[in-house]
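J.: Turn these sequences into a full structure, and let the hints guide you.
Chain by chain, the residues:
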Amino acid sequence: ETGVTQTPRHLVMGMTNKKSLKCEQHLGHNAMYWYKQSAKKPLELMFVYNFKEQTENNSVPSRFSPECPNSSHLFLHLHTLQPEDSALYLCASSPTDLPNEQFFGPGTRLTVL
Amino acid sequence: DAKTTQPNSMESNEEEPVHLPCNHSTISGTDYIHWYRQLPSQGPEYVIHGLTSNVNNRMASLAIAEDRKSSTLILHRATLRDAAVYYCILCGFGNEKLTFGTGTRLTIIP
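Residue numbers (our numbering), protein chains in the order written: chain A, 1 to 113; chain R, 1001 to 1110.
Note that these hints are calculated values from the structure, not bench results.
Mixed in with the good hints there might be a few duds.
With a straight-line Cα cutoff of 27 Å, these simulated DSSO-like cross-link-like pairs (lysine-lysine) come out [as the list claims (entries may be wrong)]:
{"id": "1", "chain 1": "A", "residue 1": "K41", "chain 2": "R", "residue 2": "K1097"}
{"id": "2", "chain 1": "A", "residue 1": "K40", "chain 2": "A", "residue 2": "K52"}
{"id": "3", "chain 1": "R", "residue 1": "K1003", "chain 2": "A", "residue 2": "K22"}
{"id": "4", "chain 1": "R", "residue 1": "K1069", "chain 2": "A", "residue 2": "K22"}
{"id": "5", "chain 1": "A", "residue 1": "K52", "chain 2": "A", "residue 2": "K19"}
{"id": "6", "chain 1": "R", "residue 1": "K1097", "chain 2": "A", "residue 2": "K40"}
{"id": "7", "chain 1": "A", "residue 1": "K52", "chain 2": "R", "residue 2": "K1097"}
Facing chain A, from chain R, some residues (calculated, C-beta under 8 Å) [as the list claims (entries may be wrong)]:
{"id": "8", "residue": "N1008"}
{"id": "9", "residue": "E1011"}
{"id": "10", "residue": "E1015"}
{"id": "11", "residue": "P1040"}
{"id": "12", "residue": "Q1042"}
{"id": "13", "residue": "P1044"}
{"id": "14", "residue": "Y1046"}
{"id": "15", "residue": "H1049"}
{"id": "16", "residue": "C1091"}
{"id": "17", "residue": "K1097"}
{"id": "18", "residue": "L1098"}
{"id": "19", "residue": "G1101"}
Every beta carbon over 12 Å from chain R, so not counted as near; a handful from chain A, in silico [to be verified]:
{"id": "20", "residue": "K41"}
{"id": "21", "residue": "R63"}
{"id": "22", "residue": "S71"}
{"id": "23", "residue": "H73"}
{"id": "24", "residue": "F75"}
{"id": "25", "residue": "N100"}
{"id": "26", "residue": "L113"}
Quick caveat, the model's predicted, so the values are computed rather than measured.
For every residue, glycine included, the Cβ atom is placed at its ideal position computed from N, Cα and C.
T.: In structure tokens form, the structure reads like this:
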């Protein structure tokens, strides 16, 4: 499989649940990203990883916990979420050399009840 | 990050060229101009980028003003599949972050 894949594509969870979103890229990239896209709002960058190291945390609440075990995989662990966290969560990857062309996955549509 | 300004929406007829404008009057000398688009129910997709010279690829052309304070994405022959939100983004040298605005929603009329 090529490109950036995300699982699950849809997720419904209660506020007390713990779940994880998974992202995988088969492009040989060393940078990976999590974005959040809420209804009628621009995409917001959440986290950036370069060579498995977190290089950006855009003031994201601690109920979102990213994990990057290797350059091909990125996780977003979710716990004690709020209904306002319902959104489309997008993963992207890019090579580390300029310019920064990012390849996006299809996203996980998350609903928090 | 330098900001960009785009019209909220545009319409174009199918099989005609489309010119999507973007203003970026505060662009710095090392900012690249990127264009992405987001089709309905999909993640964004890279379209094209440039620094100073006009650029062409299989998807589109990018025309950059001589003073670099504006640019235009050109779709040479729009199809229904080109209906999407188009984002114009500046990305500075050594900066891996893309800051998305609200973009231009392009509607293609059959």
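J.: State the violated hints by number, sorted upward, taking the hints as numbered earlier in the document.
T.: Per hint list: 2, 3, 4, 8, 9, 10, 11, 20 and 25 violated.
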